[in-house]
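Chemist: Here's the letter readout for the chains.
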Amino acid sequence: MPRVPAIALVVRLTAVVLAALGTGLPAGAADVSKEYQVKAAFLFNIAKFVEWPPERRGEDHEPVVIAVFRHNPFGSELARMVEGRQVNGHPIAVRTVTNEQEIAAAHLVFVPDGQEEAFAGFEPAAAKAGVLTCGESEKFAAVGVISFLRQGDKVRFVVNLGAADRHHLKLSAQLLKLAQSVRRED
Amino acid sequence: MKPHHFIHRLACAGLAGCCLLTRGIIAQETPRELAELSLEELMDEPVMSVGRKETPLIESPAAIAVVTAQDIQRLGLTTLPEALRLVPGMGVGRIRSHQWAVTARGFNNQYVGKLLVMMDGRTLYTPSFGGVHWEVQDTLLEDLDRIEVIRGPGATLWGANAVNGVINATTKDTAETQGSLISLVAGTEEGFGGAVRHGGALGARAHFRVYAKAQDHDDLVDADGDATNDEWRRAQAGFRTDWRPDDARHVTFQGDAYEVRTREHVLLPSFAPPFAVVQDARNKSRGGNLLARWTHRSSDSAHISLQAFYDRYRHQSSLQAETRDTADLDFDQRLPLGDRHDFVWGLGYRYSRDHLPSSPLSSWAPERRTLHLLTGFVQDEITLADRLRVMIGTKLEHNDYTGVEVQPSIRALWLPREGRSVWLAVSRAVSTPPRYAQEAFINLAPVPVGPSLLAYPQVQPNPDARSEVLLAFEAGFRAELDQASVDVALFHHEHRDSIERLNLAPEFRLAPIPHVFLPLLLLNEGTGESSGAEVLLRWRPDDRWDLRATYAYFAMNWPADAAFKADPRHQAAVEARFKASERIELLTRLAYVGGFDVPYGARNVHIPQYLAVDIGLAWRPSEALEVGVWGRNLADPRHPEFATYNTATLAEVPRSFSVRLLWRH
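Going line by line, the protein sequences match chains A and R.
Add 534 to a position in the first sequence, counting from 1, and you land on the number used in my numbering.
Add 103 to a position in the second sequence, counting from 1, and you land on the number used in my numbering.
Calculated directly from the structure, the hints in this document are not laboratory data.
Given the structure is predicted, the values throughout are model-derived calculations rather than measurements.
Please note that a few of the clues may not be correct.
Unchecked claim - No more than 25 Å apart at the CA atoms, straight line, and that leaves these computed lysine to any residue pairs for SDA-like: (1) 688(A) to 303(R); (2) 688(A) to 381(R); (3) 682(R) to 706(A).
Unchecked claim - Computed footprint of chain R on chain A, listed as stretches where at least three residues anywhere in the stretch have a Cβ under 8 Å from a Cβ of chain R: (4) 578 to 589; (5) 687 to 696.
Unchecked claim - Sample of chain A residues with no beta-carbon within 12 Å of chain R, all distances over it, derived: (6) 634; (7) 639; (8) 676; (9) 699.
For every residue, glycine included, the Cβ atom is placed at its ideal position computed from N, Cα and C.
Full structure from sequences and hints, please.
Modeler: Right under this line is the structure:
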């Protein structure tokens, strides 16, 4: 049995490792917490299971607008995540929205924790424009269509069907099935 | 997966998670990859909040790999050992239809004794022969969360016999398995199988699931393609409940019961012509387990947990029967000390009572034995600088055969930049002698030594058999880029006091027929080295493609010609998954395993190199239904993978096809 070329192997592979360390490849990991990475992925995924009112369904080249209300907890992560992807044949645009006009132009608006009261004033406009509202607190679950709630170390979501009706949105049965709870009435 | 689960799973199994796994490992998907997950998968995705001590793979200073439930589903696998083939560097060889030899980093055989295997915190190690009865280790694979595999003695800090690696399979929390599931499998090798599961809520803070499954497996074949008569079938049922009375506390209660019927042709020594007879043995294994676990997490970095389990295994056979009752109690605590120290300690006790009646294959003295194992561990993870961490710890245990064993290790992790890590480790590990080494006579098939004279070899027990010792030096490197990742691990292992079989002076005996009696003794005389490298590359150029390549090199430098060198020098695999549409996914996997020699009967047999080609197609005609079709080992009509000393006919794994329907609601 030949002697194991352990040293040679170690030296060679160390060289490979050091070479790889030195290369200036872009870093992959993001600064945004895993929780918001997962929530960003949820937003993109949920959009596939929502039917917007006919007047909001644009031509194929028109983007589905995913918006964040005021404070953006996703950083650039949401935009990076959806770059080049499609929702039901539409490209995706990511925006930060602050006023009624911008909100009404979005298809999905994410309302971060702490912004619920600030958003309350825009709720009627959002409902009229058929905007899917998503939040992340128990408080928001009472008025918004979808709310993410942490359960242990997992992200779950609840659905408010009354709100979905007011916003003229149809949610697929599969989405409802996966929801942690479905609120039928407001 | 929650970190505290993992910790005390390890602790409980007598492993006492010294370094890395006390923090739990999460597979690190990049944000781009997250977007590719389905809603169901996103709901299963653990989130790491600030201060939460779950460790991304890249920050783990050990050779860790994760096989996800999705990997198993996509390949349509129906047994746990087959899933372990996906880990780079794992040696997995099928001996019979229902028997596997599984190892990491060499020394493979059916009774390898150097691998610690757990399921949901329950140890699957069998002290009588030092291996795992793989045929009785099962769960509803659809509800499996992941299999974490640590190659090398990164595991040693968790206790004896984790020398070559630790395998920990965990099932999903019941909150994640709500609703019903029906799975039906039919295949040329699998035969028929089916499973049902139902999960529901018990109030707002508790969930449960119950499942039942049954699966047939057909024979393997001999070199001519004829059946080797080793078909088997198993049935299993189980439950799990998870109750969270508040955000801090989590109580799990779970259990399984199974019956497995196997058949095997075994070569037995005989004093009447033809002197070695092939017995067609029918075996029945029955068993079950119950496990309760209580965890209190007072903050993100502090917890206390307590776990108890009971496991019964009863194997009835015309060859070698075995009954074993195991009861195990474990406690562990994690607490941060200041800003720089993350401290974990734990204690464990295991009671194991067995009955091994003497048989034509072996006789045991005593036949009934009760073993006690006491374990304790401490570990401190010290943050030396922003990007530099050191972990120091040791495991202490007392067992009935070798007394006190100390297994310390030190690991260092350096994060030179975002998405890069380098780790180094030095550890000492031991594998304690299995019960047979000290207390069993094992009869091997006779070998001719003259024109009409046969020698009957018999392994003698050695009451002085000690633990085998390993000193391991490891290094690793990981890089995670936007679309690709690299994981390299290198090791150099120095083995001391390894158990080897030595021939004692033969005796000429006249009764019952004139023959040569050839006693063999197990002695701690082996000294040697092994080295190798394991590489995993993953590339996801876009949403549709997922490409992986693995390579593992293993070499052993052993002065004596040891019988246990049954390991391929080179192993490599390439896997491509292609998502043709939202509904159709294609998979191709090519795995190369180099040739090696393995003891077979009284001699060695050469297992030639082979290429295994698997192709699969998954189609989702609706949200609830999934249809999978697979072809396995397509490159050749059949090939042998492994053998054991009492194999009557070298079994070969044939080309096979299977189809599965999976319905969820």
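Chemist: Against the structure, test the hints numbered earlier, and report the numbers of the ones violated in rising order.
Modeler: 2
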